[in-house]
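Sequences and hints are given; from them, build the entire structure.
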Amino acid sequence: MALLGAARPDDGIGLFDLDVSSLPQPTRRARARSAVGSLLTTPGGTLGTIIVLALIVLAVFGPLLAPYSFSAIDVNATLQGPSLHHLLGTDQLGRDLLSRLIYGTRIEMAVSVPAVAFALVFGLVLGLLGGYLGGIFDNAVVLLTDTFQSFPAIILALTLLVVIGSSLRNLVIVIAVAFLPNYARTSRALVLSAKQNHYVLAERALGASRLRIMVRHISPNIVAPLFILLAMDIPSAIAVEAGLSFLGLGVRPPNPSWGTVLSDGFSSIYQAPWAVLFASLALAIATIGFLMFGEALRDVLDPRLRGVSRWRA
Amino acid sequence: MTAAAPSDRPLAGAPATAPASPLLRVEDLRVVFSSGGPLARLTGSGPGVRAVDGVSLTVSDAEVVGVVGESGSGKTTLALGTLRLVRITSGRVLFGGTDVGELSGRAVRRFRRDAVMIFQDPHSSLSPRMRVSALLMEPYVIHGIGQDEQYSVAELLRMVELPERLATYYPHELSGGQARRVGIARALALRPRLIVADEPTAGLDVSAASAILNLLQKLRDEHRTAYLVITHALNVVGYLADRIAVMYLGRVVETGPAEQIYDAPLHPYTRALIASIPDMDSGRAEREPAVAGEIPSPRNPPSGCHFHPRCPFAVERCRHDDPVLEEAQPGRSVACLRWPEVAAAGSPP
Amino acid sequence: MNGNGGPGDVLLGIQGLAVEYQSRGAVLQVLPGVDLTISRGEVVGLVGESGSGKSTLALTVLRLLPANGKIAGGRIILDGTTDIASLDRERLRHTRGEKIAMIFQDPLTSLNPTFKIGHQMTDVQAAHCAHRVGREDRKRFRQRAVALLNQVGLPDPDHVMRCYPHQLSGGMRQRVMTAMALSLEPELLIADEPTSALDVTTEAQIISLLRQLKADRDLTILFVTHDLSIVAQLCDRVVVMYAGQIMEQGDVAEVFERPQHPYTMALLDAVPTRSHRGQPLTAIPGRVPSLFGTITGCRFASRCSYVQDVCREEEPRPVVSGTSEAVRCHMRDQESDYQCAAVPGAAVTKAVPET
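The listed protein sequences correspond, in order, to chains A, B and C. For the first sequence, the working numbering assigns the number 1 to the initial residue and increments by one for each residue that follows. For the second sequence, the working numbering assigns the number 1 to the initial residue and increments by one for each residue that follows. For the third sequence, the working numbering assigns the number 1 to the initial residue and increments by one for each residue that follows.
Only true hints are included.
Covered by chain B, per the in silico footprint, the following chain A stretches (three or more residues, Cβ under 8 Å):
1) 194-204
2) 210-220
Just a sample of chain C residues kept apart from chain B, beta carbon distances all over 12 Å, derived:
3) V10
4) T37
5) G41
6) L65
7) G74
8) T82
9) L87
10) T95
11) R96
12) H128
13) A147
14) H159
15) L182
16) E314
17) T323
Hint data in this document are derived by calculation from the structure and do not stem from the laboratory. Glycine included, every Cβ here is placed at the ideal spot set by N, Cα and C.
Structure, rendered in structure tokens:
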């Protein structure tokens, strides 16, 4: 679905048979530019996009931007408040909070994004198999997802981690498994509805194999809502990871997951609340940012969801 | 035009009369959508919609057969069943002599090359995220057809009278008529022997409809393909078809050459259908609507002859007896025991 | 019938009506300035292809344009007194239904699926009741509804009153919608392609119904359609629209017998019938011009078989030609240098089988 450019049939005018092909065709670049532009039309969208971009920049260029190393201990400067040397203060070991949070961004991104991405990909596959092939496959997928979804995400993740041991890689796996059922179910529902479209029948009539239909025709038309889900799930994944790290089951110290920073700062919350404050703030900003970005993304990819009223009262 | 057609494909002849072995033969086809449980589904009994209730017809090489019916007649289901796109409850479909239902694997794919379909809604039958050029080449990719046997994108567009620049467009950027032509081009790409066209002019203005009909006629003349045209518009079949089959509530009620059906219909429903066409020439002369009532729901068809509640020629027997499609005159079959009276009644007003 | 004036008077006078749509930043001039009069008791057929603006015109009369459309100019004079285009909300509400009523193409989506028919029919009357509705009123409304359902040919009105829209067939729904439209005794009924979604046999019944209603109630009807044959059956006058402009109008029999405008001629010629078997049909080449830009000259020029240079430069003005009025064609303009008497209003090749 090209996003913008030619007059769309649901303009409420019935222009379908007019010569819209005489309009200049938007180039790929123009389409992309206008897509990005639409993200910035609302204040929420702009804010969300900025935050997401900032987080990505921090994650990628963290080591270059952080004033200190995340493990630089300075016994003389413990539990300090914000100052010129330490913009956000220090923790109980004198480590710069700002730097730890910046490095933490890398960890959050490195865990949550791949985890949710894997959940999307495998969930998409399962949804395709169940939704399109139906029968036993569908029953299996539904059974599987129902079972896994009955566990709260963090309990599931916790249990799995205890079993397979905690490491960065395992964190990603565990979070992916926790989020997988949702993608599988959503994808399955989308596939079931996409299956009804005439173009699927048309492809079958041309002799396309089921695999081809699933990959070439159904998948492209259902990924959009899944991507939106991904954008909205990343903060949840971050929260799960932070929770696990808070409980000590996440990344090993001195790696500064935001959850670790939180848990470290917890014991000194009365004397020096800075760690808890700023770590929580980081979590909150990331959550808000991704949620707003996700909403703007949804508006861009599927304006019909907005429910614009067609008729004037 | 690119190189010669593959050697294993028989040349399509153009016999004037129905030959011994027609290209397509549908034998007593039944498609029942059952709403009962799995057992009912297996046995075909229980409540359900008898979308196609015992239809037999034939299409010969290079022949155009029109299937006419209003809503609920089962004509679209018939088309889908013929092409194995919907599950058949009973009956056989023979294509080129082979039972289509028995095919598997590679043979099914081969069948799909030879018998293609053009769909009613042009936009929804084109995959929305593929450009026209990809859509046109898709049939070749699916069947692994090499370049020397392909039509190029430019050739296909030219065949359906579309400008070449449309190749980079997405389906939603095309008008209804253009999208329909792309659908036709896709069907033609495989050089099929049979094209099933479902409502080729639905939703089009008079002018656009005429253009499409002209195109179909031209393509038929050039490529000698057989057509099975499904429509509710009598004027479409009147123009295109060699033979017509009229359907009502899942059954064929009359078949015969197009001209003869128009001039002298033998079934009361056909007669009513023809009489109902708003006619430019009769002007504002007062005309009683040819038939009262409405088409009953296919879920609950009337007993005996399905048309009897609305039929001006109905007698008591019509309520009990299921009329069988029999040859009444040479080349014409009708499923009505009152057909001599209908014939005597003359042309519809 | 609440109206002043007798048959033959002008009921609706549309003067210079201009309608625009906003579409993605561009402004579409769907109707540049339309003039049309409808007299009492007339059945006017508004004919055109899709994109001709006929539906827009019909919707504009009741100011039912979508959110991105607006009236850019002109007047819609009802009964010689009120200009609908400038009415305030309240009076507009009273005009809708009471003076002018409308039926639409798809009765399934035009009726509320969650309410029974009886409820919807009494609701219409209740909404236009001047005083507070009491039980006696409701009873009266119900009786009226049943009577109306009877008049539109529904065999079991009481049963229909208790049905939901989806329980009825397409033809029945269309009859229900017609009954609803008539419940406030409007003077003008606008029908926007009411039979396009129906089977041929049902369509014939609805046409017959409209004819009967017209005779019984002296109803004025504006019938919008793309199907010329329905117009031939039902209408007294025909108005042919193309790309937002009226190209020709006049008495139906006359226009169809001796069309003056090339577009009308082409339309009549393009109707496929079986007598055309074996020959190519006359399809009008080209397509409706894009309304996104400004159009110079005659809007039909790009597709006209009689086109000349002047057609592309100057817009033809509406003239009387033969028995047709408002013919926009340089060929027919007596004061134009390009009047072409050599092309008569040809009798169209009709599909009359030789007897």
